[in-house]
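Asker: Take the sequences, apply the hints, and build the full model.
Spelled out from the first residue to the last, the chains are:
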Amino acid sequence: MSSDISNSGHNPEGGPAKPKAPPQNKPKFWNDPKKRSLLFQVLLLSALGFVFYSIIDNTLTNLEQRGITTGFDFLTEEAGFGIAMSLIDYTEASSYGMTFIVGLMNTILIALMGIFAATILGFLLGVARLSDNWLISKASTIYIETFRNIPLLLQIFFWYYAVLRTLPHPRQSMEFFGTFLNNRGFIVPAPVAEDGFGVVVFGFFAALIGSWLISRWSKKRQELTGQQFPVFWASLGLIVGIPLVLFMLSGMPLGLDHPELKGFNFKGGITVIPELIALWFALSIYTAAFIAETVRAGILAVSHGQTEAATALGMSKAKTLRLIVIPQALRVVIPPLTSQYLNLTKNSSLATAIGYPDLVNVFAGTTLNQTGQAIEVIAMTMAVYLTLSLLTSTFMNWYNSRIQLTER
Amino acid sequence: MSHSQASDKLMVELRDLNKWYGEFHVLKNINLEVKQGEKIVICGPSGSGKSTMIRCINHLEEHQKGDIVVSGIPLNEDIKNIEAIRKEVGMVFQHFNLFPHLTVLENCVLAPIWVKKMPRKEAEAQAMELLERVKIPDQALKYPGQLSGGQQQRVAIARSLCMNPDVMLFDEPTSALDPEMIKEVLDVMIELATEGMTMLCVTHEMGFAKTVADRVIFMDGGQIVEENEPHEFFNNPQHERTQLFLSQILQH
Numbered sequence: 001m002s003s004d005i006s007n008s009g010h011n012p013e014g015g016p017a018k019p020k021a022p023p024q025n026k027p028k029f030w031n032d033p034k035k036r037s038l039l040f041q042v043l044l045l046s047a048l049g050f051v052f053y054s055i056i057d058n059t060l061t062n063l064e065q066r067g068i069t070t071g072f073d074f075l076t077e078e079a080g081f082g083i084a085m086s087l088i089d090y091t092e093a094s095s096y097g098m099t100f101i102v103g104l105m106n107t108i109l110i111a112l113m114g115i116f117a118a119t120i121l122g123f124l125l126g127v128a129r130l131s132d133n134w135l136i137s138k139a140s141t142i143y144i145e146t147f148r149n150i151p152l153l154l155q156i157f158f159w160y161y162a163v164l165r166t167l168p169h170p171r172q173s174m175e176f177f178g179t180f181l182n183n184r185g186f187i188v189p190a191p192v193a194e195d196g197f198g199v200v201v202f203g204f205f206a207a208l209i210g211s212w213l214i215s216r217w218s219k220k221r222q223e224l225t226g227q228q229f230p231v232f233w234a235s236l237g238l239i240v241g242i243p244l245v246l247f248m249l250s251g252m253p254l255g256l257d258h259p260e261l262k263g264f265n266f267k268g269g270i271t272v273i274p275e276l277i278a279l280w281f282a283l284s285i286y287t288a289a290f291i292a293e294t295v296r297a298g299i300l301a302v303s304h305g306q307t308e309a310a311t312a313l314g315m316s317k318a319k320t321l322r323l324i325v326i327p328q329a330l331r332v333v334i335p336p337l338t339s340q341y342l343n344l345t346k347n348s349s350l351a352t353a354i355g356y357p358d359l360v361n362v363f364a365g366t367t368l369n370q371t372g373q374a375i376e377v378i379a380m381t382m383a384v385y386l387t388l389s390l391l392t393s394t395f396m397n398w399y400n401s402r403i404q405l406t407e408r
Numbered sequence: 409m410s411h412s413q414a415s416d417k418l419m420v421e422l423r424d425l426n427k428w429y430g431e432f433h434v435l436k437n438i439n440l441e442v443k444q445g446e447k448i449v450i451c452g453p454s455g456s457g458k459s460t461m462i463r464c465i466n467h468l469e470e471h472q473k474g475d476i477v478v479s480g481i482p483l484n485e486d487i488k489n490i491e492a493i494r495k496e497v498g499m500v501f502q503h504f505n506l507f508p509h510l511t512v513l514e515n516c517v518l519a520p521i522w523v524k525k526m527p528r529k530e531a532e533a534q535a536m537e538l539l540e541r542v543k544i545p546d547q548a549l550k551y552p553g554q555l556s557g558g559q560q561q562r563v564a565i566a567r568s569l570c571m572n573p574d575v576m577l578f579d580e581p582t583s584a585l586d587p588e589m590i591k592e593v594l595d596v597m598i599e600l601a602t603e604g605m606t607m608l609c610v611t612h613e614m615g616f617a618k619t620v621a622d623r624v625i626f627m628d629g630g631q632i633v634e635e636n637e638p639h640e641f642f643n644n645p646q647h648e649r650t651q652l653f654l655s656q657i658l659q660h
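Respectively, the protein sequence lines represent chains H and V. Mapping of the first sequence onto the numbering used here: position 328 corresponds to residue 328, and the numbering continues sequentially without gaps. Convert by adding 408 to the 1-based position in the second sequence; the result is the number in the numbering used here.
Bear in mind the hints are in silico, worked out from the structure with no lab data behind them. Every residue gets a Cβ at the ideal spot worked out from N, C-alpha and C, and that includes glycine. Don't take each hint at face value.
[Stated by the list, open to error] Between beta-carbon pairs, the in silico distance windows are:
{"id": "1", "chain 1": "V", "residue 1": "Glu-603", "chain 2": "H", "residue 2": "Ser-401", "range": "43 to 49 Å"}
{"id": "2", "chain 1": "V", "residue 1": "Asn-426", "chain 2": "H", "residue 2": "Ile-150", "range": "45 to 51 Å"}
{"id": "3", "chain 1": "V", "residue 1": "Glu-637", "chain 2": "H", "residue 2": "Arg-216", "range": "55 to 61 Å"}
Answerer: Here's what the structure looks like:
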């Protein structure tokens, strides 16, 4: 600019000293949007490449200096430590690989139990909060606002330390109908099948098939005659009734391994450890509060006109909810519900705080400490949560696409 | 204009009907008798209580004082009575309120199947017949979102008729429609009227009122201000408020 000004003094015309480049000329390459975006992508990519290279190089050098061997050979070595709860046979002589499997199964168990309970509780609470009944709606509101706003870790501690750990010792166990509740957990008799129990199992499956047939028959009959049939109650009767009758007829072929107090603890029966109960309660109750809000939002998203139209057609409240409101609410509810399932699964890793033997506690905890294979162990653990999450969201996305509305 | 379809049987009776929204007095001492086969058009400025009044008839709105009797059934606290009345009364809404997750045919058979416990075959046959009457049988398997506003409103009329009602309530059925679609809906309503249906229509379609109404009711401030047969109502309005209203809507 300064040169232009100094030049202008010598230029009587007052115009530019040299004619500027005509506009139809090619723009500078950094002003061309396509080239510009390519340039930035190349820059970002090389920056990322450098970061990863230095991380890996750094790690390898450090591992070498400390004499740590990398690789997954440690998985076959003997673990040498016990795990409080295992769904498969596991002893101290099992391998580190087995600790991974046991931890993984415990994680999946708590995630499934939590999702199951939180979904049911959440739907009930969500509908309840919208109830016309003042008491029901206020009770639900208080529940949601309380449990949603207290940190999950604190809730886990509450159930574990304040509720379950303060239960009496095994010798002073609370007893209900042959089950025992004490600070070591909830101990129930283990069923032991005797000769002839197969008949009962067979009866159960026959009843399942029977109720499926009944629901088909009733649907068909309704289409033909309009008669409605209480399918739910009939199926319930069949599924409970048939096995029960067969059980009685075959002379009750089911033994029970009753837990007995021997010394300071119980022998026999099945023990549900307090860590599992505390974690299950906390995760379900906490997540249910969020699911309830999701469900409420979904129901409110269905316009009031839908309810009015159904009401004007003479449909009862229950049928309106079932046939009109819920199917439409679901399409709004499913995506955030998926997030809640993912949250619950990932939050289950807080198990480590109270010592429930989930994947993080067992594998990324004890196994990592004993082997020192931090990179492999953490990578495997992360891969597990990533896989579980991706599987869950794939399933939920598939379900969501099935129930979407046809717009045009 | 032949308005001789009305018999002496009373289908809808409103006696000293009063309703409040909190402090706000929406309906003030409404008295109205509608005989079988009669067509009533209700008009008035917005907020005058027209919609609220007809929504009280099938108890979409609760009234606080006065009596409502529909088809001989008193509307009271008894849930059985309310359900019985709703079976006799069909309603068409301004925004159609079709069920978007169900096909047109499913929309029509849902209530007959679940409320009247009608066999599906029978319900579907009846629905197709009614869809033919509103001239859209070829759209039966489409979803509401795939139809135009006028078509949706005609489906909504067919859906109500599937319950075989004695009385039809129309709550501004053409207000949400594009001008070119208003006629197709009005044609269906006129046809319904000539077949002798008892109808209460909240609408500002004055042409419709002149053609089919036995009586036109003008409401303002929650009261029935004027009530007359169409010819007198339009040519010789008695009340000052009615004259003002008519001069405003008939200007164009």
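Asker: Need the list of violated hint numbers for this structure, in ascending order.
Answerer: Violated hints: none at all, because every hint is consistent with the structure.
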